[in-house]
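Place chain B on chain A using the hints.
Sequence lines, in order, name chains A and B.
Numbering follows my numbering, in which position 604 of the first sequence is assigned residue number 595; successive positions increment by one, without gaps.
Numbering follows my numbering, in which position 132 of the second sequence is assigned residue number 137; successive positions increment by one, without gaps.
It is worth saying that the hints were derived from the structure and are not from the lab.
Think of the CB as a built atom: it goes at the ideal place given N, C-alpha and C, for glycine as much as any other residue.
Misleading hints may appear alongside valid ones.
Unchecked claim - Pair ranges (Cβ atoms, derived):
1. A/477 with B/87: 25 to 35 Å
2. B/65 with A/546: 51 to 61 Å
3. B/21 with A/307: 36 to 46 Å
4. A/508 with B/55: 25 to 35 Å
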Amino acid sequence: MQDQDIISEFLVESHENLSRLDQELVELEARPQDEALLASIFRTIHTIKGTCGFFAFSTLERVTHEAESLLSQLRDGKRKLTPVLISLILETVDATRKVLASIEAGKGEGADLFEGLAARLKAAAQSPQETDPQEQIDLIEPSSPEAKNGPSAVADGSKAEDSGSRSSAAVDANIRVGVGLLDKLMDLVGELVLTRNQILQFNIEREDAALNATSQRLNLITSELQEGVMKTRMQPICMVWNKLPRVVRDMAVSMGKQIHLEMAGADTELDRTIIEAIKDPLIHLVRNACDHGVESPDVRAAAGKPAQGTLSLRAYHEGGQVNIEIGDDGAGIDVARVKQKAVEKGLMRADQAEALSDREAMNLIFRPGFSTAQIITNVSGRGVGMDVVKSNIEKIGGTVDVFSRLGEGSTVKLKIPLTLAIIPGLVISSGGERFVIPQVSLLELIRLEGEASEKRIEHVHGTPVYRRRGSLLPVAYLNEVLGLESTHRQEAVSMVVLQAEDRQFGLVVDGINDTQEIVVKPLGKQLKALTVYAGATIMGDGRVALILDVLGVGQSAGVLTEMREQARAASQQKTQETDQKQRLLLFRAGSFERLAVPLSRVARLEEFPRSLIERAGGCDVVQYRGRILPLIPIRMVLEGIAEDRSAAPEKVQVVVVNDGDRSVGLVVDQILDVAEEVVTAQRNSSRKGLLGSCVVGKRVTDMVDLNAVLQADTCDSVEPAAALAYAGEER
Amino acid sequence: MAFESAKSEGAPIGGQFSTFFVADLFFGVDVLRVQEVLRFQPMTRVPLAPDVIEGLINLRGQIVTAIDLRRRLKLPPRGGDHVPTNVVIRTDGGAVSLLVDEIGDVLDVDAATYERPPDKLDPAARAMIRGVYKLKDRLLLVLDTDRTADLTAG
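Next comes chain A alone, as it looks inside the complex (with noise of 0.2 Å):
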C-alpha cells in the first residue's frame, strides 16, 4: 500500500521534471554555453536515475545512466553539444516517459528495454570527442567569442540561474491540494455570493445602521474571497506551453526547415478546465502553421525573407477573455485557392464564392469539408483538422479568427473565456419558467410587434420560418419544444435567433428578460438523459434556473436536420430578391402542362434512345460521360403514374440536374423554352413535388420542387453518399 503510494508520488515527481527537462533541453539548444542549464540537466537526469535504482526499475536506470555520463561529459566541457546529442537525449526523455507511463498502468517497466538506445548513448559517450572547434555546434550563432571559456558563462548564465531559483522557490512555496476540494470551495463561494446578495436586500429594506456596516463588511470580503478562491483556480497558459518547443523541434527537424518560436505572454492565467481544453487545439495549431505556414529555407530565400521562420505565440488579457494568437511569418492563405477548393468540395457555387470577402473565404479553412482535403495542404496551407479545432474551442465557449496575407503569413487568433464555471448567459421565460441561454450561442434577438407578428413567422411544409434579411431561418417554439404551456398570447412575439455548430435557428419565446454571469452546475444523473438541458444554475432569488443546451433544442425540434436544405432554399430565395430574376426551364410533363425548374439546377439537356435505357437497382439509368445517370420519371413523382411504355415515343427527353456531387436525369415529356421572369409564388402548393404555382410568360406555371423530387430518387444505390445527404430531408 505505502509502496504505492511512494511509486505514485514518484511519478507525479518524474513527470515534471521530463516536461522540465523537454524545454530546458530546446532552450540549451539554442544556448549550448549554458553552464547553469547543463547542470540543471544533468541534475534531473541524475535524480531520475537514483529513484530508479531505489525502486529497482533497471530498464529506466541502465537507459537514464548511460545518459548521465554523457552529459557529465558535456558538464565537464569534454564534449561539445550536437544536435545529434540533443536528439539522444531527447529520444531519453521519450523512452523514460513510456516506462513511466506504463509502470503508471501497473505493467512494471514494460517489455520494451531499450538496448538499442542504450547502446547508442553508451557509444556517443564513448566516441572520440570532435576536437575541431569549427565541428562545434552554432546552432543558434554563440552568444559572444569568449563564450567558449569558462567565466562568460557567469554572464550567461545570470538568466538561467534567475529561473533557476525561481523553480525551487516554487516548490517550497506551493503545497499541492485536490481539484476536488478546490471545486467544492469554488460551490460554497458561489453559495456565499448568493447569501450575500440576499443580505445586501434585506439592508436596504431595514435602514438599520450597524446591519448596514456589517452587511457592507460581508459585501467586501466575500468578493475578496470569490476572487481569492477563483485564482486558486487559475493556472498560468505556460502549462501547455511548455509542450510547444519540443513540437517545433520536432516538426522542424522532421520536415527540414528552420524555425525559430517566440512566446509572450506565458504568465497568463486560465482556469484548469480551461487550460486543458485548448492543449489539443493549440498543440495542433501549432503544427499546422510549422507544417503549413512556414515554408522550407530554399522558399524562403526565393521570397526574400529569413531562411529561419518565426513562430510567434501571445497571449494577453482583455475585456475579460484571453486572447491566443498563433501568428506565423509563412506562406499566408492563398484565397483564391481556397475559393475554388471550397467551389470543388461542393460547399458553394462558384459564384457564391466570388461574392466571399477574403476574410470569409478565410474562414471556410474551418468548414469540415475542408478538413479532409489533401490538396489544400500543400498549396495554400492550413485545412487539416481545423473545423475540430474551431468546435473544441467553441465547446468551451471561445472563437477561432483567421488573418493572413498571402506571402506574409497567417495568424490565429483565439478568444477564450477566463473561466467555463461562470458564464454570462440570457434568462428567458417560457411556459412560466425561467431558462438560461449561454451567451455564446446567441446570435441576436428579434421583436415582432402588431399585426406583422403572427404574419412574419410563416410556414414551409408546416415548418415555421422566419425571413430574416433575405434568408430563411427556421423557427422553433420553446414552449413546443418542452411540452409547455404558453403563458404568452400578447401582440409581439419574442425571438431569440441561435447557432448551434454552423447552423442557426429562430426560437420563440414568451419572454426575454436579461443577461446574467451564471454559474454553470451539473445535473443529477436521473436527468442526463435531457439532451435539452446543458445544466442548471442558481438566480439571484436562490431559486433554481435550467441552462438549454441550443444544439439539443434544436435537434429536439427539428429544426436543425433540415437546415442544410433550409440554407440553400434560403440562397435560392436571396438570388431571387436579390436581383429578382431568374431564368427557368419550362416543359411538359403528363397532365402537368407547365413545369419550370431553376436553370442554375440544369446541367444539359440531353435526349436518349429508349433502347439506351437500362434497369439498375430498380429503376432506370442510362450510361452517360462514363457514369451511371438514374432517370427519374417527372410524371411518376407529381402524379404517381407510371409511363405507358407502349405509347411512348421513340426518345425520351431528359433534363440533367446536378445534386451536388452526383447528376440526376428528370425524364419530361417536351421541353417547351427557356423564360426569365419575376418569380413570385402566388399559391403555395401542398402537392408533393411542387413548390407553388406561379405566372410565367402570362401563364400559371408550377414551379418544381427539386429537392423533393430527387429526394423521391429511390435509386439511390448507385451513389450512397448522395442518398445519405438527402435521408434528413425526411421529414
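What follows is chain B alone, placed relative to chain A:
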C-alpha cells in the same frame, strides 16, 4: 460500517433508521445515508423529465433532484394542500431528495425482527423495498435508496 452492510441485499441488519411516512406506508432509511431533512422548498420543474421528478432544489449551492416518492412507488397522489417534506439522501450518483408525506423519528431497530419483504407487495414497490422490520405496533419498510434514485430500475 452500517453503511457498508446496508448495501448487501436482504441481509438482516440492525441499527438506526430515519423513518418517514408515504401514504399509509412507514419507511426507514439507514440514518447514515440521510444527509438532511428539509421542509418543502421552492422547486423548479423540469419540462420533459420523467413525472416522478418533482423538480430541482437549491441546497446551499448544490442542485438536487427531488423525486416524489408517492409517484415513484406508484401510490395515489398526495392530497391537494398537503406539503411534502424533503429527505435528502446520499446515493452513488450524488445527493437526491425524496419527497415524503411526513417525517418520523429515528428508530433503533433489532435485527431479529427483520424479514424479507412480503411477496404480496406491489411489484413496482417491491423492487425498492429491501426488507421489513416488525415493530411492536407497525411494520417498518426498508427503502433501497440507490434503486429509488435510479429511475432506470424497477
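Could one say that the CB atoms of residue 508 of chain A and residue 55 of chain B fall in the range 25 to 35 Å? Holds - the Cβ-Cβ distance for residue 508 of chain A and residue 55 of chain B, about 31 Å, lies within 25 to 35 Å.
Okay, residue 477 of chain A versus residue 87 of chain B on CB: inside 25 to 35 Å? holds (30 Å)
May I ask you to test the hint 51 to 61 Å on the CB atoms belonging to residue 65 of chain B and residue 546 of chain A? violated (34 Å)
Beta-carbon spacing of residue 21 of chain B to residue 307 of chain A - inside the hinted bounds 36 to 46 Å or not: violated (58 Å)
Consistency note: the structure conflicts with the earlier hints numbered 2 and 3.
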